[in-house]
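For reference, the chains in residue letters:
2 protein chains.
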Amino acid sequence: MLALAVALPAFAADAPRARTLQQILDASPAGDWRPLDADNALLMEMPGGQVVIELAPRFAPAHVANIKTLVRAHYFDGLAITRVQDNFVTQWGDPHAGEAAARSLGDAAASLAPEFTRASRGLPFTALPDGDLYAPQSGFADSFPAARDSRRGAAWLTHCYGMVGAGRDNDPRSGPGNELYVVIGQAPRQLDRNIALVGRVVQGMALLSALPRGSGALGFYTEAEPKPPITRMRVVADLPPADRPALELLRSDTPTFAALVESRRKRRDDWYVAPAGRIDVCNVPLPVRERPASEAR
Amino acid sequence: MLALAVALPAFAADAPRARTLQQILDASPAGDWRPLDADNALLMEMPGGQVVIELAPRFAPAHVANIKTLVRAHYFDGLAITRVQDNFVTQWGDPHAGEAAARSLGDAAASLAPEFTRASRGLPFTALPDGDLYAPQSGFADSFPAARDSRRGAAWLTHCYGMVGAGRDNDPRSGPGNELYVVIGQAPRQLDRNIALVGRVVQGMALLSALPRGSGALGFYTEAEPKPPITRMRVVADLPPADRPALELLRSDTPTFAALVESRRKRRDDWYVAPAGRIDVCNVPLPVRERPASEAR
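Heads up: the sequence lines are chains A and B, in that order. Following numbering that gives the first Met the number 0, the numbering of the first sequence begins with 0 at its first residue and continues without gaps. Following numbering that gives the first Met the number 0, the numbering of the second sequence begins with 0 at its first residue and continues without gaps.
By construction, these hints were calculated from the structure, which means they are not laboratory data. One should not assume that every hint holds.
To list a few chain B residues with every Cβ distance to chain A over 10 Å, as calculated [as the list claims (entries may be wrong)]:
hint : residue
1    : Ala17
2    : Gln49
3    : Ala61
4    : Asp129
5    : Ala205
6    : Asn282
The calculated label-pair distances, taken between Cβ atoms and stated as ranges, are [to be verified]:
hint : chain 1 : residue 1 : chain 2 : residue 2 : range
7    : A       : Pro28     : B       : Pro284    : 27 to 35 Å
8    : B       : Arg231    : A       : Pro228    : 33 to 41 Å
9    : A       : Glu289    : B       : Ala100    : 49 to 57 Å
10   : A       : Arg71     : B       : Gln22     : 41 to 49 Å
11   : A       : Arg150    : B       : Gln22     : 29 to 37 Å
12   : A       : Leu20     : B       : Gln22     : 43 to 51 Å
13   : B       : Gln22     : A       : Pro291    : 55 to 63 Å
14   : B       : Ala72     : A       : Asp242    : 32 to 40 Å
Here are some of the chain A residues that sit facing chain B, going by a computed Cβ distance under 7 Å [unchecked claim]:
hint : residue
15   : Arg18
16   : Asp25
17   : Ser27
Since the structure is predicted, the reported quantities are computational estimates derived from the model, not experimental observations. Cβ coordinates follow ideal geometry from the N, Cα and C atoms, glycine included.
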């Protein structure tokens with residue numbers, strides 16, 4: 000069976016020893032990983048399984064707090080996926096938002112000041128070396144893909160596959176986090192600095208990317224199309240310890256991550272005949288693993 | 000309901016009149032469109048609907064010819080989707096390839112010289128203005144996303160969402176077109192110049208992008224997972240005229256396409272507060288429409 004991008008290491012004696020991504024991860028010290036931030040992670044249960052989202056309080060603190068307020072009031076429980084636009088986004092929230100039957104936001108804010116960028120100062124940032132079409136610089140902060148413009152003093156999360164944002168209407172204050180979307184196609188980088196990204200999916204992405212596309216305008220489901228239900232959403236820290244996803248994320252400020260980036264910039268496995276020698280921020284894998292059993296929960 | 004990226008034109012009197020993509024297309028002269036190239040287009044029928052692929056004989060003439068030979072021998076009829084890897088590719092072909100039960104390739108070649116690049120000379124090319132992370136220049140040729148390196152005299156198709164290629168093993172000659180893949184996630188531009196792209200999906204993409212992901216290594220379906228069947232594949236020109244998809248593609252060397260690119264580089268609809276002013280080759284929409292009823296088939 001032909002396997003695109005198969006990596007079977009078989010080194011020539013005089014070639015630099017190339018390690019596969021898995022070999023790099025297998026050799027990583029425990030300290031290059033960090034646990035999922037349970038206080039800023041969401042578990043979204045759907046009939047087909049669960050999605051884990053890590054929030055980004057360094058980039059969108061007010062949105063993250065408001066989303067947690069909504070989640071803790073069980074706002075999302077029983078709501079649904081409302082939109083799946085091919086090569087763009089899957090979006091969820093209240094199918095009756097804006098109508099009389101809309102669910103109350105309770106104690107959460109209905110409007111929030113934009114958090115489309117933040118100050119670049121004080122933000123630990125691991126830059127990529129190859130430039131970026133949409134920003135002066137791109138790289139990673141807290142294992143999130145990000146960009147910055149040091150001259151203007153701004154940094155922001157980038158719209159890569161799996162990134163989660165707070166949908167809004169034309170009013171930049173109109174996205175308080177009660178409608179969320181996740182990128183399921185080519186990075187729509189034109190949205191950067193125009194809307195608040197609030198986190199990223201770290202597990203269960205296929206539950207959101209493989210959904211039937213909506214046939215309405217902008218991929219919204221029509222009345223005739225069943226909307227995939229959201230059983231419930233919870234803040235991970237609020238779950239009994241045994242129910243919390245035991246995930247670890249590779250830290251983006253570590254030698255292991257640097258080795259990963261290099262191995263992806265210059266692919267040396269036998270399959271490649273012309274390694275790119277470059278990489279886009281949205282093409283860098285951001286490894287997540289189950290916490291090794293040897294470690295205490 | 001919050002609609003991400005809604006475009007409701009409402010122009011200030013002194014602002015430059017911004018046209019939406021739809022307005023640009025609605026105003027386009029008929030000559031800025033071309034019919035689907037029926038001699039180099041494939042119709043793939045699946046239980047859920049049909050996928051139309053336009054092939055790129057200017058870039059991969061031997062692969063295109065070999066694929067047409069396979070299609071005309073009904074090689075693909077009754078085969079199946081074998082792999083769906085999230086944020087990467089959907090692949091189809093013979094589930095028994097490489098085994099004793101493998102289907103014969105008949106008169107088609109089992110091995111082909113690589114067509115990973117072609118000469119840039121003689122290739123009409125509409126360049127984009129903002130640069131490209133993976134190539135000296137990117138743009139469009141025959142309504143396909145492409146790149147070129149004029150100094151080295153090479154051009155190639157780029158791995159954008161919806162692009163179709165011929166899967167291969169480590170041997171660069173091992174991808175004769177009997178296993179095909181389509182990009183369903185972030186553009187894997189590291190594959191450019193490493194494998195033969197042969198065309199792109201111009202209709203029915205969601206039939207390939209919304210499939211269940213495979214749980215095996217690299218997204219291959221395991222024995223326990225049903226493989227979505229391919230009912231049949233046909234060369235569009237071989238179909239009775241009434242059965243041919245009546246599609247038109249916006250030509251990429253026209254004023255309408257140039258206006259489209261500009262409207263996407265500098266989004267002026269009310270939703271955007273910070274237009275990017277730049278665009279990546281894989282973020283440019285490539286419009287396809289049903290042929291207007293007024294035109295003869």
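query: Which hints, by number, does the structure contradict?
result: As far as the earlier hints go, 4, 5, 6, 7, 9, 14, 15, 16, 17 are violated by this structure, in ascending order.
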